[in-house]
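Visitor: Each chain, written out:
2 protein chains.
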Amino acid sequence: MTATKPTRVVLYGAGLMGSIIIRYLVEKGFELVGVIDNNPDLVGKDAGQVGGLGRDLGLTVSADADEVLSREADIAVLTLLSLMSDMEPFFARCARHGVNAISTCEEAFYPRTTSPEITDRLDALAKEHGVTLTGSGYQDVYWGNLATVIAGSTQRIDAMEGVSSYNVDDYGIALAKVHGVGMIPDEFQREIADANVPSFAMNVPGWIASQLGLHMTGITQVLMPRYSDHPVKSTTLGRDIEPGQALGMAARATATTEEGIDIVMEVRGVVYEPGDVDLNDWVIRGEPTTAVSVDKPNTVELTCGTIVNRIPQVIAAPAGFTTLESLPPAKYLLPAK
Amino acid sequence: MTATKPTRVVLYGAGLMGSIIIRYLVEKGFELVGVIDNNPDLVGKDAGQVGGLGRDLGLTVSADADEVLSREADIAVLTLLSLMSDMEPFFARCARHGVNAISTCEEAFYPRTTSPEITDRLDALAKEHGVTLTGSGYQDVYWGNLATVIAGSTQRIDAMEGVSSYNVDDYGIALAKVHGVGMIPDEFQREIADANVPSFAMNVPGWIASQLGLHMTGITQVLMPRYSDHPVKSTTLGRDIEPGQALGMAARATATTEEGIDIVMEVRGVVYEPGDVDLNDWVIRGEPTTAVSVDKPNTVELTCGTIVNRIPQVIAAPAGFTTLESLPPAKYLLPAK
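Here the protein sequences line up with chains A and B, keeping their order. Using our numbering, the first residue of the first sequence is number 42, and each one after it goes up by one. Using our numbering, the first residue of the second sequence is number 42, and each one after it goes up by one.
Rather than coming from a laboratory, the hints here were simulated on the basis of the structure. Note that the structure is predicted; figures quoted are calculated from it, not measured. Don't take every hint at face value.
Said to hold, decoys possible - Distance windows between CB atoms, simulated: (1) Pro226/B to Glu314/A: 37 to 45 Å; (2) Gly301/B to Asp317/A: 31 to 39 Å; (3) Thr261/A to Ala165/B: 54 to 62 Å; (4) Gly316/A to Leu320/B: 21 to 29 Å; (5) Arg280/B to Gly316/A: 48 to 56 Å; (6) Lys274/B to Thr261/A: 45 to 53 Å; (7) Ala360/A to Asp97/B: 52 to 60 Å.
Said to hold, decoys possible - Partial pick of chain A residues on the chain B-facing surface, computed with a CB cut under 10 Å: (8) Tyr179; (9) Ala192; (10) Ile198; (11) Leu343; (12) Thr347; (13) Pro370; (14) Lys372.
Beta carbons are placed, not taken as given, at the ideal position from N, Cα and C, and that holds for glycine.
Same shape as in the complex, but just chain A (with noise of 0.2 Å):
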């Protein structure tokens, strides 16, 4: 009998999410060939520590990507950055590895309606090193398929609306970022609302459209900051978040197809005050109208469980820059016995 051969994963950033993966990858089975980070903090620890494990796993956190993506790893999974323009290096770095990635980054979900341009680029890269790049996390599911689910047992769909929001506070400085978190007004208008960043919600209907086979004829975002009327703290950015300064935003992506069927995604990511909690709900409109709504999802647990979840489809999917929606949806793996 010859045991299965374990698979090779390449952790790419050890934050706050990437300490979670490290667990859940050691659960289910998988080898951790290498952590690549460059927080002087992180560096030479054992990933079993930053893992939290409470034991070493004889593996240490290195600032040296292209020897740990030099460890013959199956896959490399991508915790650094939310938007494509800051993940083009480093997919590309994973892809000339020969190296198949999957990033939490949210734009990575489906890029093509936002950057087009560095989609293709990865992709034909991606192609000639035949590996799979692809973004996956808490979107893959509660974005996309628990949506397209209800589509199936529908008869005549006029409308899809989503509506999720979370805690910046819980997805580290990247994310906070792109939310204008601490911004005043005019720093809002100006790196966010001027610089038009696309929203986590602009690649939604995309994905939803795709996996349908609907044809976008156009999307429009709307992005509502929200700011504090009193002093909030904000354990990423080490601070509290003055009156005036923006908690965050509501953004609001529409999208509109040649079926006549819209779809609308409301993404609320603010530094919760105690009381919040996250939300996720769906209406899908037409015969019948059904609604659905997950109570208090932990988008953090199920961002990482998503992720790894995905593996084994993503090193199996076709080469390219691969997006989600073209497979089946993720399957639950058994942990490791």
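Mind docking chain B on chain A? Use the hints.
Guide: Frame of chain A, contents of chain B only:
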């Protein structure tokens, strides 16, 4: 340019569900080539009128099943009865005519747990004739893929617990009968409880376990009749249900698996009183625990919608009694232009 040949469909059973399915099929561009029913009130009527289209389709309801099934249909939609023991001859007739079949029969959703011999016989017959036989409907999405999509975002599952309720009065006499509607306690005990009629809940754990690759080690059901203390009008029975007679029942199936994941499904089917609404909730317990809830699902329309959306996948599926956890989720079909 060649026009795509429309898919030819026979409807077998033109009752409550069948009449909706006539309209759904026409709206989605399927070619309805026959409607079978032996109800003398329906035989000879135009299918367009039975389907509430307000116009004739030039196709009349016929009681001659063998003749209608000889019209070279691609698939038959069977909206007849709820148990495999009742459905076997209908499935077999379709197979012998070389016609694929999809049924609203609730047990057909995953009949291997409750009727393995019948399923094996039909599986062999279907393979002999190169056709696919299956069951689908509301359960396919709301008792199946809704739960497994959530599972795909979860790191560790301890238990999956579903509860669903529907109005027995919406589904016709066959379904009312297996819920004990109108029975006094002695009758319920003898005809439902002692007969150990498999409840619809019994078919859910097997479907989920199969899709997730889990191995069931046992399954039990508890049937809990609900009695009224005042008269409740039942349109299906055409009379009041008197105090002391059953309005229906709740059935809870509990399955254990080798992998340590419990799968529990409770199905509440009663004649509704004013204020009662359908519900459909799942809790996936583990890391993390996630609860999802469907608000007042229109179970009748969702059953018909799922059946019609599933048709292309079923025609393309492997021959045999092929349960649908083995295929991707039902996919929304666009209405015809």
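Visitor: Next step is simple, just say for each hint if it's right about the structure.
Guide: Hints, one by one, checked against the model:
A C-beta distance of roughly 54 Å is found between proline 226/B and glutamate 314/A, which places it outside the suggested range of 37 to 45 Å. Checking the proposed 31 to 39 Å range against glycine 301/B and aspartate 317/A shows it holds: the Cβ atoms sit about 34 Å from each other. Against the hinted window of 54 to 62 Å, the Cβ-Cβ separation of threonine 261/A and alanine 165/B comes to about 56 Å, which satisfies the hint. Roughly 26 Å separates the CB atoms of glycine 316/A and leucine 320/B, a value that falls within the hinted 21 to 29 Å.
Range check, arginine 280/B to glycine 316/A: about 51 Å between beta-carbon atoms, so the 48 to 56 Å window is met. The supplied range of 45 to 53 Å is met by lysine 274/B and threonine 261/A, whose beta-carbon atoms lie about 50 Å from each other. At about 54 Å, the CB distance of alanine 360/A to aspartate 97/B agrees with the hint of 52 to 60 Å. A hinted interface residue such as tyrosine 179/A counts as satisfied when its beta carbon comes closer than 10 Å to some beta carbon of chain B; here the least separation is about 7 Å, so the hint holds.
Because the smallest distance between the Cβ of alanine 192/A and any Cβ of chain B comes to about 4 Å, under 10 Å, the interface hint for this residue holds. The closest approach between the C-beta of isoleucine 198/A and any C-beta of chain B is roughly 6 Å, which is under the 10 Å cut-off, so the hint is satisfied. Because the beta carbon of leucine 343/A sits about 5 Å from the nearest beta carbon in chain B, less than 10 Å, this interface hint is met. With a least beta-carbon distance of about 4 Å to chain B, the hint placing threonine 347/A at the interface is held under the 10 Å criterion.
Restraint check, proline 370/A versus chain B: the minimum CB separation of about 5 Å is within 10 Å; hint holds. For lysine 372/A, the interface hint holds, the least distance from its beta-carbon to any beta-carbon of chain B being 5 Å, beneath 10 Å.
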